[in-house]
Amino acid sequence: MTDLCIAGLPIRVESADKAYFQTRYADYIRRDNQPPVMEMRTRILDELPPPQGQMLEQVKSVRVLRTTDGRLCRFGQTAEGKVMFAIYCTPDYQDVEIQFCTTWKHPHFTLRELEYMYTGFSFQNRLSVLGGGVLHSSSLAWRGQGVAFSAASGTGKSTHVGLWKERFGDDVQIINDDKPAIRFTEDGPMLCGTPWSGKTAHNCNRMVPLRAIVFIERGQQNRIRRLDVVEGMFHLTSQIVRPYYDADLGVQVVDFTQRVLENVPLYLLSCNISQEAVDTAFNAIFSKGDA
Amino acid sequence: MKKRKYETVRVSFQQLGPIVIDCLAQGQEVVLMVTGNSMRPFLRHERDRVVLKKANDPAALQPGQVPLYQRTNGWFVLHRIIERDDGEQRWLLGEKEPLPSAHVGGGVQYTMLGDAQTDKEPGIRPEQIVAVATDFYVRGKRQSCDTPSYRRRTRLWHRLLPYRRGLLLVSRLPGYFPRGIRYIKRHLKQNKKSTET
Amino acid sequence: MKIKDGFVVRQVGGNHIVVPVGSMTVDFNGIITLNETAAFLWGQLQQEHTTDELTELLLAEYDVDKATAEQDVARFLDALKEAELLA
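For the protein sequence lines, the chains are A, B and C, in the order given. The numbers in numbering that gives the first Met the number 0 rise by one with no breaks, and the one at position 59 of the first sequence is 58. The numbers in numbering that gives the first Met the number 0 rise by one with no breaks, and the one at position 165 of the second sequence is 164. The numbers in numbering that gives the first Met the number 0 rise by one with no breaks, and the one at position 43 of the third sequence is 42.
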């Protein structure tokens with residue numbers, strides 16, 4: 000068992016792939032005695048017990064049921080009915096157990112990657128219940144001010160953040176290259192590093208005030224503008240994972256999305272890969288004096 | 000009781016991106032609402048839908064097919080292929096014989112054009128193709144993209160490219176299409192007759 | 000008829016935005032923007048109503064003539080049917 004502090008939240012994890020997660024979690028270890036707000040375990044077993052309870056629905060190939068002890072379980076099985084994975088969660092996502100079958104052959108991911116992804120999803124679910132959320136974005140802090148650059152995969156978020164790093168050196172720190180957390184505190188919206196940063200390990204255990212979210216699209220020229228609320232809702236909804244297996248949790252994700260919309264300036268940056276693109280974004284975000 | 004001020008009922012739909020792409024990558028069929036009017040008169044904004052499947056071989060699509068592709072700026076677009084250039088030969092929509100290639104550097108390149116557009120978009124590479132349309136729902140009715148009559152209609156519309164702007168202006172009149180194509184055909188025939196006589 | 004379960008409506012600025020939740024996220028991958036009157040009709044269709052009932056409700060609430068109301072209700076229902084949002 001490992002005690003972590005992620006986005007300021009005390010969390011307890013039990014990993015299956017211990018060696019791998021030891022490095023992944025290294026920056027987030029805590030040694031205080033605070034009771035955790037979330038516990039998650041991953042078990043990799045030769046044979047998974049078939050989930051028992053009341054079947055709720057089937058979404059594509061995933062089945063969702065309510066166990067007799069009130070937990071929500073989503074699971075997938077082979078054509079022969081052998082369970083390949085099962086995720087058990089209490090209704091508040093405070094306690095999560097992730098089970099993978101040793102013989103699970105996912106078309107794209109290894110068990111290690113799957114454990115990494117599912118622990119990330121589980122953290123995200125708990126964070127949604129606690130009023131926060133996760134935005135698909137590459138995010139940085141410039142002199143302690145957080146900016147998240149969001150876009151569909153392959154648009155060049157990380158490349159753009161790399162350009163900021165190149166330009167500002169130690170004034171810029173990458174908070175999370177793929178899935179930073181956002182929480183609302185007394186100090187306003189905060190951008191938080193988490194260990195789940197996609198393909199790269201670019202993340203750090205820091206919380207900074209979130210100054211802006213910038214949606215990126217590629218263009219010939221560099222241009223930036225503020226988004227109106229409908230556009231903002233559209234872009235945010237596209238880049239915030241919405242759980243298909245739990246409508247109540249889904250509502251909380253929409254609450255979060257709306258809160259971001261109402262509290263964080265949103266921009267659309269049309270840009271190429273150049274330092275001029277950095278200027279365009281920087282001037283729009285930080286020009287109004289108080290930075 | 001004083002009644003509230005009335006404003007004409009408006010509903011608009013916006014399609015989201017990422018989940019669809021994941022479904023397509025896994026080989027699932029995906030139905031998307033058509034947004035934008037660039038495929039008029041064949042497809043109408045927020046009225047028609049398109050059934051998409053992952054292209055088995057994105058380099059082997061033919062002129063006349065309608066793929067979903069991603070522009071280098073990240074946007075996804077659904078337009079028709081009007082030209083396929085494989086570096087040796089160039090096949091044009093509606094032409095039986097190929098022309099010599101117009102680009103050097105090899106590899107397959109497509110030229111795209113929305114049915115309502117007149118500015119061609121050349122240089123689309125197979126890597127940019129996400130999926131290809133197999134069927135359309137036009138006014139709620141499903142129709143295949145692979146019938147001779149559909150292909151005939153698309154070829155005819157393409158032949159009318161020089162008159163496209165004018166035809167589209169006329170087609171803005173409500174309820175004009177899809178009767179329109181037949182109407183235009185008849186009209187052209189009549190015109191021909193009248194010029195001949 | 001009524002609207003399928005699995006949507007939440009949020010008012011942001013002067014707009015009403017509909018977002019799918021739960022398994023509807025998979026079936027309907029988009030968001031819907033409604034103006035004030037459309038949002039009123041959307042709200043009414045959380046319960047079972049006929050076309051005529053919807054027109055009556057619209058007439059009772061808004062300063063609008065019957066022909067316009069009928070036409071708008073029909074267009075609204077068409078849009079929902081097209082998107083397969085009616086149960």
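Fair warning: there could be bad hints in the mix.
[Unchecked claim] Quick list of in silico lysine-lysine cross-link-like pairs, BS3-like style, CA-CA up to 27 angstroms:
1. C:K65 / B:K52
2. B:K140 / C:K3
3. B:K52 / C:K80
4. C:K80 / C:K1
5. A:K198 / C:K3
6. A:K104 / B:K2
7. A:K59 / B:K52
8. C:K1 / A:K17
9. A:K104 / A:K59
10. B:K2 / C:K1
11. C:K65 / B:K140
12. C:K1 / B:K140
13. B:K2 / A:K59
14. B:K4 / C:K65
15. B:K1 / C:K65
16. A:K59 / B:K53
17. A:K59 / C:K65
18. A:K81 / A:K59
[Claimed, not checked] A few chain C residues facing chain A, derived, Cβ under 7 angstroms:
19. M0
20. K3
21. V8
22. V11
23. H15
24. V20
25. T24
26. I30
27. A73
Honestly, the hints are just simulated from the structure, not real lab data. Think of the CB as a built atom: it goes at the ideal place given N, C-alpha and C, for glycine as much as any other residue.
Okay, the hints, checked on the actual structure:
With a CA separation close to 44 angstroms, the supplied pair K65 of chain C and K52 of chain B exceeds the 27 angstroms bound. Between K140 of chain B and K3 of chain C the alpha-carbon distance is near 21 angstroms, which keeps this suggested pair within the 27 angstroms criterion. Taken as a hint, the K52 of chain B and K80 of chain C pair is honoured in the structure, with Cα atoms around 23 angstroms apart against an allowance of 27 angstroms. With a C-alpha separation of about 11 angstroms, the suggested pairing of K80 of chain C with K1 of chain C holds against the 27 angstroms cut-off.
Taking the CA atoms of K198 of chain A and K3 of chain C, the gap is near 38 angstroms; set against the 27 angstroms cutoff, the hint is violated. With a CA separation close to 62 angstroms, the supplied pair K104 of chain A and K2 of chain B exceeds the 27 angstroms bound. Between the alpha carbons of K59 of chain A and K52 of chain B the distance comes to roughly 16 angstroms, so the proposed pair stays at or under 27 angstroms and holds. Between the alpha carbons of K1 of chain C and K17 of chain A the distance comes to roughly 51 angstroms, so the proposed pair goes past 27 angstroms and is violated.
Note on K104 of chain A and K59 of chain A: the hinted pairing holds, with a Cα-Cα distance of about 18 angstroms set against a maximum of 27 angstroms. About 25 angstroms separates the Cα atoms of K2 of chain B and K1 of chain C, which keeps this hinted pair within 27 angstroms; it holds. Distance restraint check for K65 of chain C and K140 of chain B: the Cα-Cα separation of roughly 30 angstroms exceeds the 27 angstroms cut-off, and the hinted pair is therefore not satisfied. For the given pair, K1 of chain C sits about 22 angstroms from K140 of chain B by alpha-carbon distance, which is consistent with the 27 angstroms threshold.
About 46 angstroms separates the Cα atoms of K2 of chain B and K59 of chain A, which puts this hinted pair outside 27 angstroms; it is violated. Taking the CA atoms of K4 of chain B and K65 of chain C, the gap is about 14 angstroms. The hint holds against a cut of 27 angstroms. For the given pair, K1 of chain B sits about 17 angstroms from K65 of chain C by alpha-carbon distance, which is consistent with the 27 angstroms threshold. At roughly 17 angstroms between alpha-carbon atoms, K59 of chain A and K53 of chain B fall within 27 angstroms of each other, so this suggested pair holds.
Between K59 of chain A and K65 of chain C the CA atoms are separated by roughly 44 angstroms; this puts the pair beyond 27 angstroms, and the hint is violated. A hinted pair counts as satisfied when its Cα atoms are at most 27 angstroms apart, and K81 of chain A with K59 of chain A qualifies at roughly 17 angstroms. Evaluation of the M0 of chain C hint against chain A yields a violated restraint, the C-beta minimum of about 21 angstroms exceeding 7 angstroms. Nearest Cβ of chain A to the Cβ of K3 of chain C: about 12 angstroms, over the 7 angstroms cut. The hint is violated.
A hinted interface residue such as V8 of chain C counts as satisfied when its beta carbon comes closer than 7 angstroms to some beta carbon of chain A; here the least separation is about 10 angstroms, so the hint is violated. With a least beta-carbon distance of about 4 angstroms to chain A, the hint placing V11 of chain C at the interface is held under the 7 angstroms criterion. For H15 of chain C, the interface hint is violated, the least distance from its beta-carbon to any beta-carbon of chain A being 10 angstroms, above 7 angstroms. Evaluation of the V20 of chain C hint against chain A yields a held restraint, the C-beta minimum of about 3 angstroms falling below 7 angstroms.
The beta carbon of T24 of chain C comes within 5 angstroms of a beta carbon in chain A, closer than 7 angstroms, and the hint placing it at the interface holds. Hint on I30 of chain C holds. Least Cβ distance to chain A is approximately 6 angstroms, under the 7 angstroms limit. The criterion of a C-beta within 7 angstroms of any C-beta in chain A is not met by A73 of chain C, whose closest approach is roughly 25 angstroms, and the hint is violated.
Consistency note: the structure conflicts with the earlier hints numbered 1, 5, 6, 8, 11, 13, 17, 19, 20, 21, 23 and 27.
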